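Those protein sequence lines, which keep their order, are chains F and H. As numbered in my numbering, residues 1 to 113 make up the first sequence, in order. As numbered in my numbering, residues 1001 to 1117 make up the second sequence, in order.
The reader is advised that the hints may include incorrect statements.
As a list, the in silico SDA-like pairs of lysine to any residue whose alpha-carbon atoms are at most 25 Å apart [unchecked claim]:
1. F/LYS58 / F/PRO40
2. H/LYS1015 / F/LYS49
3. F/LYS49 / H/ILE1026
4. F/LYS49 / F/PRO113
5. H/LYS1078 / H/GLN1017
6. F/LYS68 / H/GLU1105
Label-pair ranges, simulated between beta-carbon atoms [as the list claims (entries may be wrong)]:
7. H/PRO1008 / F/SER9: 24 to 30 Å
8. F/PRO79 / H/ILE1038: 32 to 38 Å
9. F/ARG22 / H/PRO1081: 46 to 52 Å
10. F/GLY16 / H/GLU1014: 46 to 52 Å
11. H/PRO1008 / F/PRO30: 26 to 32 Å
12. H/SER1007 / F/ALA1: 32 to 38 Å
13. F/THR5 / H/SER1053: 32 to 38 Å
Derived by calculation from the structure, the hints in this document are not laboratory data. No experiment lies behind these values; they were computed from the predicted model shown. Even for Gly, the Cβ is constructed at its ideal location relative to N, Cα and C.
Now for the letters of each chain:
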Amino acid sequence: AQSVTQLGSHVSVSEGALVLLRCNYSSSVPPYLFWYVQYPNQGLQLLLKYTSAATLVKGINGFEAEFKKSETSFHLTKPSAHMSDAAEYFCAVSDRGSYIPTFGRGTSLIVHP
Amino acid sequence: EAEVAQSPRYKITEKSQAVAFWCDPISGHATLYWYRQILGQGPELLVQFQDESVVDDSQLPKDRFSAERLKGVDSTLKIQPAELGDSAMYLCASSLGGPSQGRNEQFFGPGTRLTVL
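Full structure from sequences and hints, please.
Here is the structure:
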């Protein structure tokens, strides 16, 4: 079965600092990969997805992620954190062509002034 | 901008009571999903509808949970009787096409937070 592991349940950064949220996947074949963001008491919003085109995927709000097959990773980055980026971030994986995601446990991003 | 609507946003109930959640997907979206998100975890798929038909309910605890989408538009998820372990956020999502079709990005509603006392 496919799964993702998000390293670190909480990540704390200063405003303006680099954001790096780590995700490693487990899959027997190249999967589809997703990052979602969830603000308090709200549903999930898709940030970006990898579906086997370019390995560097750009998403909304200045986020991007790079698919690295050799490392089975799909880490999420943003060059400069804003206070508004504080939220829960979920990495997810699906079968190729499925688009039904299996979610990780989430990483809470805390942004300090 | 079209959104997935859910109600109620919050529900507190006592164990052994019945509860029901409602979801109205984005107009024209054929596929509807119900997820359960336990605090501190990612969402888990409970049931998937394609129009009015259940496509996958393998993770739905059928002894107490039921879901319907009678006219292929809005949907209701019911729990009877509720147990303490059912406390969670229940999320509804919809997509224009099915998972293996094009235009299948899922759009999520704000969720219903259930607390069972």
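- [ ] Go ahead and decide if the range 24 to 30 Å is satisfied by the Cβ distance of H/PRO1008 to F/SER9.
- [x] holds, 29 Å
Task: Supplied distance hint 46 to 52 Å, evaluated on CB atoms of F/ARG22 and H/PRO1081 - done: violated, 41 Å
- [ ] Starting from the hint 26 to 32 Å, judge whether the C-beta atoms of H/PRO1008 and F/PRO30 obey it.
- [x] violated, 41 Å
Open item on the list: Holds or violated: F/LYS49 and H/ILE1026, Cα atoms, limit 25 Å.
Closed with: Within the cut-off at roughly 21 Å; holds.
- [ ] State, for the Cβ atoms of F/GLY16 and H/GLU1014, whether the hinted interval 46 to 52 Å holds or is violated.
- [x] The hinted range 46 to 52 Å holds for F/GLY16 and H/GLU1014, with Cβ atoms some 48 Å apart.
Task: H/SER1007 paired with F/ALA1, Cβ distance criterion 32 to 38 Å - done: For F/ALA1 against H/SER1007, whose Cβ atoms are near 34 Å apart, the range 32 to 38 Å holds.
Open item on the list: Hint check: F/LYS58 vs F/PRO40, CA-CA at most 25 Å. Holds or violated?
Closed with: This hinted pair holds, its Cα atoms lying about 24 Å apart.
TODO: Given the hint that H/LYS1015 pairs with F/LYS49, test it: the Cα-Cα distance must not exceed 25 Å.
DONE: Measuring from Cα to Cα gives roughly 39 Å; hence the hint is violated.
Open item on the list: Just to be sure I understand the hint, the distance between the Cβ atoms of F/PRO79 and H/ILE1038 should be within 32 to 38 Å; is that true here?
Closed with: holds, 33 Å
- [ ] Kindly confirm whether 32 to 38 Å is satisfied by the beta carbon distance between F/THR5 and H/SER1053.
- [x] Between F/THR5 and H/SER1053, where Cβ atoms are some 34 Å apart, the hint holds.
Task: Satisfaction of hint between F/PRO113 and F/LYS49, Cα-Cα up to 25 Å - done: violated, 29 Å
Task: Pair hint H/LYS1078 and H/GLN1017, alpha-carbon separation not exceeding 25 Å - done: holds, 11 Å
In summary, the numbered hints that this structure violates are 2, 4, 9 and 11.
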